[in-house]
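Residue-level listing of the chains:
There are 2 protein chains.
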Amino acid sequence: MKFKAIIHVRPKPEIRDPQGEAVAGALRTLGLSIEGVRAGKEIVVHFDAADLTAARAAVDTMGKELLANPVIEDYSADVAAA
Amino acid sequence: MKFKAIIHVRPKPEIRDPQGEAVAGALRTLGLSIEGVRAGKEIVVHFDAADLTAARAAVDTMGKELLANPVIEDYSADVAAA
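Taken in sequence, the protein lines are chains A and B.
If you read the first sequence in our numbering, its first letter stands for residue 68, the second for the next number, and so on.
If you read the second sequence in our numbering, its first letter stands for residue 68, the second for the next number, and so on.
Among these hints, one or two may not hold up.
Just so you know, same-sequence chains aren't split out, so a pair can sit in one copy or run between any two.
To be verified - Think about it this way: if two alpha-carbon atoms lie no more than 25 Å apart in a straight line, the pair counts; the simulated DSS-like pairs of lysine-lysine are:
id	residue 1	residue 2
1	Lys108	Lys71
2	Lys79	Lys69
3	Lys131	Lys69
4	Lys131	Lys79
Just so you know, these hints were derived from the structure itself, not from any lab.
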């Protein structure tokens with residue numbers, strides 16, 4: 068079966084996010100009233116798996132083994148048949 | 068009023084995405100059956116605006132003026148009171 072996963076990788080709340088801080092500064096120069104910005108990644112993966120359980124396991128592997136650095140990042144994912 | 072916007076910035080479908088291709092290659096080395104990967108950004112912004120209409124206009128400004136490169140990227144956003 069074909070699946071589509073949208074994997075969100077975000078800096079952990081207690082970790083400094085220099086990219087987000089830079090974006091916040093740049094947005095303020097546009098005259099916007101910005102409180103804070105966190106910059107993360109969104110990775111869309113199309114893949115094959117036997118069933119939804121196997122697909123979820125594959126996405127956990129992607130997040131843990133490759134996409135997120137568990138020291139500084141959290142990840143979450145939406146998985147659905149494509 | 069305080070608002071939270073989640074802004075998704077993705078490479079346009081017709082544009083090559085070297086970062087996504089690199090991720091696809093790495094995921095295949097984990098033994099996964101990957102068809103394709105697109106790598107985008109997810110930017111979470113906390114900001115002030117007068118009302119929801121003003122908040123949506125502010126998010127449009129963020130997307131067009133700063134966060135997305137309209138030549139190669141699309142953006143979409145979810146805006147809600149925080």
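We went through each hint and held it up to the structure:
1. Lys108 with Lys71: The answer is both: 16 Å in one copy and 17 Å across copies each meet 25 Å.
2. Lys79 with Lys69: This pair counts as between: shortest inter-copy Cα distance 22 Å, intra-copy 31 Å.
3. Lys131 with Lys69: within (21 Å within a copy, 34 Å between copies)
4. Lys131 with Lys79: For lysine 131 and lysine 79, only the intra-copy Cα distance (14 Å) is at most 25 Å; the inter-copy one is 27 Å.
Checked against the numbered hints given earlier, the structure satisfies every one of them.
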